[in-house]
Structure formats: structure tokens, C-alpha cells
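**Student:** Got chain G; can you put chain E on it based on the hints?
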Amino acid sequence: MTNSPFSEGVVPARLSAEALAENFSDLHPRLDDHEALVAADRCYFCHDAPCMTACPTDIDIPLFIRQIATGTPEAAARTILSQNILGGMCARVCPTETLCEEVCVREVAEGKPVTIGQLQRYATDRLMEKGDHPFTRAAATGKTVAVVGAGPAGLACAHRLAMHGHDVVIHEAREKSGGLNEFGIAAYKSVDGFAQAEVDWLLQIGGITVETGSVLGKTITLDGLRDAYDAVFLSIGLGGVNALGLDGEDKSGVLDAVDFIAELRQADDLTKLGVGRDVVVIGGGMTAIDAAVQSKLLGALNVTLVYRRGRDRMNASQFEQDLAASKGVRIITNASPKAIHGNGAVREIDFEYTGDDLKPTGQTVRIPADQVLKAIGQSLESDGLPELEGQKIKVTDTGRTSVDGVWAGGDCASGGDDLTVTAVAEGRDAAEDIHAALSA
Amino acid sequence: MADLTSKFVGIKSPNPFWLASAPPTDKEYNVRRAFEAGWGGVVWKTLGEAGPPVVNVNGPRYGAIHGADRRLLGLNNIELITDRPLEVNLEEMARVKRDFPEHALIASVMVPCEEGAWKDILPVIAETGCDGFELNFGCPHGMAERGMGSAVGQVPEYIEMVTRWAKEATGLPVIVKLTPNITNILYPATAAMNGGADAVSLINTINSITSVNLDVMSPEPMIDGKGTHGGYCGPAVKPIALNMVAEIARNPDTAKLPISGIGGITTWRDAAEFMALGAGNVQVCTAAMTYGFKIVQEMISGLSQWMDEKGYESTADFVGMATPNVTDWQYLNLNHVTKAVINQDDCIKCGRCYAACEDTSHQAIAMSDDRVFTVKDDECVACNLCVNVCPVEGCITMKTLAPGELDERTGTPVAAEYGNWTTHPNNPTVSAAE
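Residue numbers (the working numbering), protein chains in the order written: chain G, 592 to 1031; chain E, 3 to 436.
If we strip away everything but chain G, and leave its shape as in the complex, we get (with noise of 0.2 Å):
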């Protein structure tokens, strides 16, 4: 090891491969059986019950934990599966603690709720690891649809006109399927690959064809999709990436946190992978947190997360908050960039402290910086596309575009969050839209 936390720049191998082979494993790992037994007889099987109300694809929670605490974890997973086909990314990535465990009546009563993430990745794991795909497609329609985008909505999309006998074609701009489960989530979240091998268990399903190198508005566009294929659904994500807007924000060592995370996630070999010693995130979400985390457990010395506004408006989840804490990062909030300091590469960038509504104070700080994450959100890249609402493709409750024929999910369409497990949601529902169209 030639490198150590405290050399100058961005260079790789600061830590042992040893080290960061620990730093990037399961940040759960799975749970054992008793482990799991334990967890769902903590479950009272509530009516009507809030954690099911909570979940954006309305998984029957109490129902599947009830089959595992009966020694069926597969069962279970049918019951998740059925409803998000996704189930096992989502056991991982779903910020649980603001979504099914933060109304289950035990976190109500004891501030304990049931690990309704880990069970539910310990059932969808057990089934996975059979092999077993326990979905089968209906008698073959003769309808055809396009899927643009291989990601979380794309792929929920697919399976569910596949169930229903549809042929599907996936075009995918990337050489790999699972969007932002490949390529854009914390390496500890997803680990041995599950990404890749989720896809290929939801390809078994049949009936699917993914053409990578696919890209709309290059190689392909939407009005001859709209002739080749039955229906359409776009579910591109945001493919552009917002500027801070300040001059040296082109400077070496500034860089997307998006690509710093792809780049992570796609690596062979961590310690071949550069980070600086002083790394400056920029923004507030999920996205930087985990280009924070990963740049620390990476090895840089020092890593500072900025936000220009207060902790309560940050989109990352207080879990993540206190993950990335835990890790060694210091969050700075109410502070926003107003200059890059360095000469060709980046070493210095200055915040002013701002007050409520950005209001600027004329308090500055100067932080020492070799690399500069920014992290301040992704924009639609729109040329071409259907009516849009806001940033966003403007869809019905059930996906439907503005153009006859053509459907969007995800993130590239309105409303909902940007999470994996919404976009699994809206990308079923638009299958089950374009199936009784397609029946009709």
C-alpha cells in the first residue's frame, strides 16, 4: 500500500484491500433463521395494517411475515414478489424507517418496529437463491411493447405485460439492465452482484428481450417505437445532472456524485479507485449521502457533507443522516458553494452560511477540498418527449402520457418520490394499463 488517508489528492488504495473489502460488505447482513423467527413473532398482525398503507406497492406485510414466522419464507416472497417484483432491492434500498417501519405500531409504542426490510429481504433471498421465478406468463396476446429503460420502473413494467402474455423488447442506453439498482446506489446496500442477478431471476419470467446500447433520441426514437410496437413506456430516469453554477466548477476533482457512484459500483478492483483526501459533497439527499459515505469508507481523511438548507429539509432519511455520521462525515447544513478555489485542480471551495429561505448571512467558511462531489439533484433530459408537468413527463395515475400509446414511470415521470420502490409501483401499473388497453 503506497497510499494512506492522509496522502494529498485523489489517489486510490488509501486503505488495505482487506480494509475496504470491509467497509464495502453488507451494511445488513442477512438474517439467520432463528434471527428472522425472532423478528417476525414480533409482528401482531394488525388489521387494515399501516405498514401496508405505507408501501408504494402495497406489499401484504403482516401476511408475509405471518408465513415466514410458519417456516414458509417462500410463500412469503410469492406474497412480496406478486406485489413488487423488485422485492429483493427493495429488502435493500427502501428507506424503510419513512415508509413501512416508521408507522408500524411498534415503532409507535416502543420505538422498535419490526425489521420489516430485513424479513422481507430474508423471504426474497430464500426464494431467489432456489433459482426459483414463481411467476408464469399467460397464453402469448401477439401484442408487442417497448420498454424504454432498463431500470427499477422499466423492469416492473416488463414483467408484469409478460406475466400477461405480451412480448416486450427493453432498450436500454447502457451496456447493463437495473438503472439506478446497478448503477447508481451505495455499494453496501447491494453487494455480490445482487443487481445484475435480480434481473437476470426477473428475465425468467420470459417473453422479454433487452437491447442495450438503446438510446432514445439517438438510435432510436419515440415516434418509431410508437410504429414498431403495440405501446410504448418510457421510463428513462434523469439522465442530466444539475450545475452548481459557479465559476472553477470545471476544475479536476469536481465531479457528479452520480458518477462517482456509477464509476464505485462498476469497479472490479477498489483499490485501483481514486478519492480524495478532502472530499466536499454538495446537497442533501440520498445521493450525496451515499457519495459521502463511500468516499469516506474509500479512505479519505476528511469528508464533508453541505447543505444549503436546514437538517428538517434534507431528502436523505434521518437513518442515513446518522449512517453517514457514524461513518466519520461531518454534515454541515445551511450553507451553500460560492466559489471554487485552486489552480487546475480544485483545493479550496467556499460556502456562505445562509439562513432560513437561503437568506445570505456574509458568514463564510473556506474548506480544503481535492475533490468536490455535487450532489444537487438530476433533471430530465426532455427533448422529444411527451407534454411534460414541471421537470417531469406528465402522467394519469396509471401512466398514461400525453401521447396516445405511450406510458411513463419512474423517475422521469410526476408525481410520487424518487425510489426504487415507487417507481416498481408505477411501473406495474402502467403494465396493467397498457394490458387492458391492449385487451380492450
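No lab work stands behind these hints: they were computed from the structure.
The model shown is predicted, which means the values in this text are computed figures rather than measured ones.
Accuracy of the hints is not assured; some may be wrong.
[Stated by the list, open to error] To give an idea of the interface, some chain E residues facing chain G are shown, with a C-beta separation under 8 Å as derived from the structure:
1) LYS351
2) GLY353
3) ARG354
We put the beta carbon where it would ideally sit given N, CA and C, even for glycine.
**Tutor:** Frame of chain G, contents of chain E only:
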């Protein structure tokens, strides 16, 4: 400080907590540990005839029922009486009694239903210095197939006969242990009393199959692919035992017959309940087998604290106090009206009361859009199911309506006077008498 010392049919012990005749009391080693841990008395594992001892199976002897978090709620066993030679047991009993003279040591005995067998063995056992005998007419498995244990306990005539033999053979107190595997506990209890028993102890274990192995298709515990019914005990049997104790205690003919209460006693409170219903002392087994002998410390401290709080100086002060309140259904006050009340501060909004009432009872709980659960007094029959299924103790309670208050369900004011079925106008026997 409450005085826990106990005198049961003349047998003294430092406290009313005895270990029942069972696997924990099979050996000197165990019994010494029990006395050192604080148990007031021990009923030694049942002794059989001299000669080659019985043999046990070499596969599993126990099966179990579990609650949440694998709490052991019920245990079933197919172990027989002691499988160690009689002389070894007698030597050990004598040594233990010598070293623990203040503690009660009772010999449990089961020999064939022959006068000579009983009259020969009891004097021999008495030489150990034991304080009394317990006749095992209870074990429902194994030995019953050989005409002993519950095979005797199910025939009142045999109980009376053998008890009489025993009383003729010894001057020590004789306790008759009863099987619950009968239709009416009063018959065996009366038979024991008529035979001259100093006391009865109950219940012994209940015939049971705890589970079925669905791969092998055999009852558990399974021995080489087959199983047999065993004796069920533990917390699950407590309600059955309490009722049988109460039946004997409230029956005028047997009311004076001392009772040693047995059946799922796990905490001081369980023990106090048995004693309140008329048991002079209690015997414990499954709780010790589940948690070890140390639990007696909680039983001692808990009973002491409760007695102090209630102002009872000795256990005799409260033994049988609940017995007069055990009555027949026909004497329950039908003019007593209660309604369930949900404490909204304690409610965790699980909705189990709603599901239970809506699906299986009287549709007397309302649920609002924001999950506030309230009782509909005009539908509530006060069945108590909501109280029982609520996970939060004390969240749902029963409120008694005062005389004159309107019962919204019936539309009539609550009557002040006591009124039961025997005088109710709907009772056909009342009409017939008019």
C-alpha cells in the same frame, strides 16, 4: 415481612414451593441443588418395586408447544418412573434428608395394585426419614399400560383401596396424586378421601400429542418413526388444573381435604392463584425444567412482597380465599353490565380488537379513517375478546355501569338488584314452577 413457612398435612417446609415428582427430583445431585437454590420441599421421583428397574426409551422423551419467541408453553413427556435401582434412591434420599432436615422430602410411590406390594414397600421407604408419601395414581403414559399410574387413578374404587392399604402400612402422611384424565375430578378426590388420604395433589399430566412430524407422519416425540401419547404439563395446563383444584375445594364433601396444587405454576402469582383457590401448597416442575432451579427465588420474593402488600402474615391467611367466589354459571349476576373502554393514550392502533370484534364477535368497535378505535356501547356485549387480543396490557378495560345507568345495547337502565338465571323470566324451569 411475610412468613412463608409452610405446614402441609403436618409436613413443615421453609416455603410452600415444592418440586413435583418428576425428572428434576430423580437424583441426590439434583435435589441437593434444588434445596440449595431455595426450594421448600421435594417430591422424589416416583419409586417402583425393588428388583430390575424400569427402562426408558433412548430417543426423545419430551415434546413441546411454543409461543412467540419460542417461549415454552407446554411440555409433554413419555418418561417413566425412576429407572434407577430402589436401593440407590433410598440411600440418596436418606443422605439428603439428613443434610436438609428443615426441608420437606416426600416419597412418590407406584407399585402394582396388590396389597402386599404397597404394604411391603412403604415401611422400607419410610426408613429414609422421608416426611410423607405421595401415591402416584396419575402418570398417563407407559406405566398405565401396566395397570399402574392413571390406570388406578381412573378407577375410584382402586384409589380408595390402595389409599387404605397405604394408610394401614404407614403412620406418615399420605398424599394421593390425581390424574386429570377423567370426566369429574370429584370422584377420584372423594375416593382418596374415603380411603383415608391426608391430602390430594393435582393435577398430574394430561394425555397429549404435542405435534406431528409431517415428513415422517409420526407423533412427536418420535421414537424410530413412531410416537405415543405423553403427559402434558407447563403453563398451558394451568387453567385446567386451577379448575380441578377449585372443584374439590368448593365441593362441600371434599372441602376440608387438603390440596397440593400442581399444574403449570411458573411464577409467584401462579402459586398464589392456586393457593387462593384452596391449595395449601404448590408443586412445580416444568418451570424449573425450563429455567432451572433459580426461579424459586422470584417465587419467594414475589409471594412475600404480595403478602406484605396485602397484609397477609402467613400463607394460611389467604389459602382458599377465592374459593367461595367460584360458583355455577346459573348464579352469576345477569344484572351486572360492563362495557369495553379503549384508552386512546395507550392504544397503538394495531386494530386487532377491531378485527376480532368485527369478524368474530359483535361488530361493537368502530374504526375511523385515521385508525382511532372506539367501542360502540349500543353493540358491546362485554365479551372481553378485545381485552384479550389487545397487545397492550391495560389498554382496553371493562367499565361497570352503575345501577340506573342506561345500557345502550338493551335500551334499559341497569338494575340495582342481583338477578341470576334461576329467577330469569326466560328460564323455562322458572315458568314451569309458576
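**Student:** If a hint holds in the structure, say so; if it doesn't, say that too.
**Tutor:** So, going through the hints one by one against the coordinates:
1. LYS351: Hint holds; LYS351(E) Cβ to chain G Cβ min 6 Å, cut 8 Å.
2. GLY353: Hint on GLY353(E): holds, closest Cβ of chain G at ~3 Å, below 8 Å.
3. ARG354: Nearest chain G Cβ about 6 Å off; hint holds.
This entry satisfies every hint, going by the numbered hints stated previously.
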